[in-house]
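The task is simple: from the sequences and hints, build the whole structure.
Here are the chains, one letter per residue:
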Amino acid sequence: MARRKFATLKRFLDYIGLEGDRTIFTWISASEGERFANVIKGVTAKVRALGPASKLVKKL
Amino acid sequence: MAENLANKEWVPKIVAIVCNWCTYAGADLAGISRIQYPPNVRIIRVPCTGRINPFYVAKALQTGADGVLVSG
Amino acid sequence: MENIDKKLREEAKRLLEEKRVDALVGYETGTLPLTATPCFITNPEDAEKLVWNAFCTQNLAKYVHDLISQHRESQKRVKPEDRKKKVFGVVARGCTTRSIVLHLQERQYARDEIVIVGVPCTGYVDRKQLSIIVSGEDIQEGTLEGDQLVVKTTAGEKRIPLQDALSGNCLTCKFNNPIICDVMIGEKAPAIAGAAQEYAEVEDFENLPTEERWAYFTKEMAKCIRCYACRQACPSCYCKTCFVEQSQPQWVGLGEDTTDTQVFQLMRLFHMVGRCVDCGSCISVCPMGVDLRKFLKKLDKDVLDLFESRAGSSMEDLPPLSRFKEHDKEDFVFNP
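Protein chains in written order, with the working numbering: chain A, 1 to 60; chain B, 1 to 72; chain C, 1 to 336.
Worth flagging that the hints you see were computed from the coordinates, not collected in a lab.
One thing to keep in mind: the hints can contain errors.
Stated by the list, open to error - Far from chain C, by Cβ distances over 10 angstroms, these chain B residues were calculated:
hint, residue
1, LYS13
2, LEU29
3, ARG51
Unchecked claim - With a cut-off of at most 16 angstroms between alpha-carbon atoms, the simulated EDC-like pairs for lysine to aspartate or glutamate come out as follows:
hint, chain 1, residue 1, chain 2, residue 2
4, C, LYS223, C, ASP164
5, C, LYS294, A, ASP14
6, A, LYS55, C, GLU220
7, B, LYS13, A, ASP21
8, A, LYS55, C, GLU212
9, B, LYS59, C, ASP112
10, C, LYS158, C, GLU137
11, C, LYS128, C, ASP112
12, C, LYS301, A, ASP14
13, C, LYS128, C, ASP138
14, A, LYS59, C, GLU220
15, A, LYS58, C, ASP260
16, C, LYS294, C, GLU145
17, A, LYS58, C, GLU137
18, A, LYS58, C, GLU256
Where is the CB? At the ideal position from N, CA and C, for every residue including glycine.
As structure tokens, then:
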């Protein structure tokens, strides 16, 4: 059910024009420490490539 | 202070919303195994991925996160 | 149409006289020309007020839900043995029955608490579209003659083909006949010709570059004045406390901030995944003319595409986000 929810959420965010790479979904099990580190590396690289977020950000 | 911050290289702020039983334990394991990973994530632990309201994602983006990771 | 009005009134009168319903929700002629407004009938004599025509805009499932939940609330303070059950009748076209199916699936009320009087539908007139056609002139009088609207404005009389003034969602409607009903008034309406191009608008939008899509979203949401009319009119929006009014935690700020408006709209839209029946009520009540349909239709398309489900299309088609299949698409998952 969570998968369905996020499948639609990701498509919808992409549709309204928020870069799809800013919201990332993945599965990591409790025994996958290595994978966790890889995911964090991957996510950081992706977000870094996009630069700071400017859309939907509230100016405080 | 502000000057110092401006001079620093920009690092992304990433919010990770993770399941207590899967990814959180995985992160713990990565910690005990001393695997190196970037320090830019802020982890929010939830009881289950099903607990995550899509609103959390929108709210994180609105309040200044550069990226949101949802993991179960 | 005259014939349908007559049958509808007879049927309504009969239901009320036989006490099969305690109140009936229908449409009556509005105070402005070329409008109809929802009405509640409890007295069999008042059944003469009922009409069914191309000006009946609102989705009445919302009122049914409100009436039933109010009644239930009022019964809470009554001793259990004195509690009364009330049955409400509703004049329902295709999209209204879809909303009712959705309510039934979401266990909002029981099937025996409502009597559905089904009516065939060929679409309703969009007031905003009509106002554009008559270039914003005041409509003083108007009648429907066959498939022509005769509109008298300050600038003179004008004949408009009904097809031109119909609402966008009606032009591509696939469910113009009731899905479920207890009594059907008149013959089933013919299928709408434009139904095949249902998602054409969404597909066009999908093909635009990201920046243009974002520009369009911000432009549309900048119009929003946060009057919450869309929420009030939407039959799928029935939370007792809406997330915008929650203060612990406060999900979304109440000020004029543009991002707050965007987040509000984004989340209200996203609550409609697999629940929007494309009745157009939110769009017709919007005072600022925000193009909500472009976004709502996308959710509908995704749900059909990913889960082969459509909101309220049948009693068996349960809400897609409350179930899952083993082999649902997983292509969005990130694998480093």
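Compare the structure with the hints numbered earlier in the document and write down the numbers of the violated ones, lowest to highest.
4, 9, 11, 14, 16 and 17
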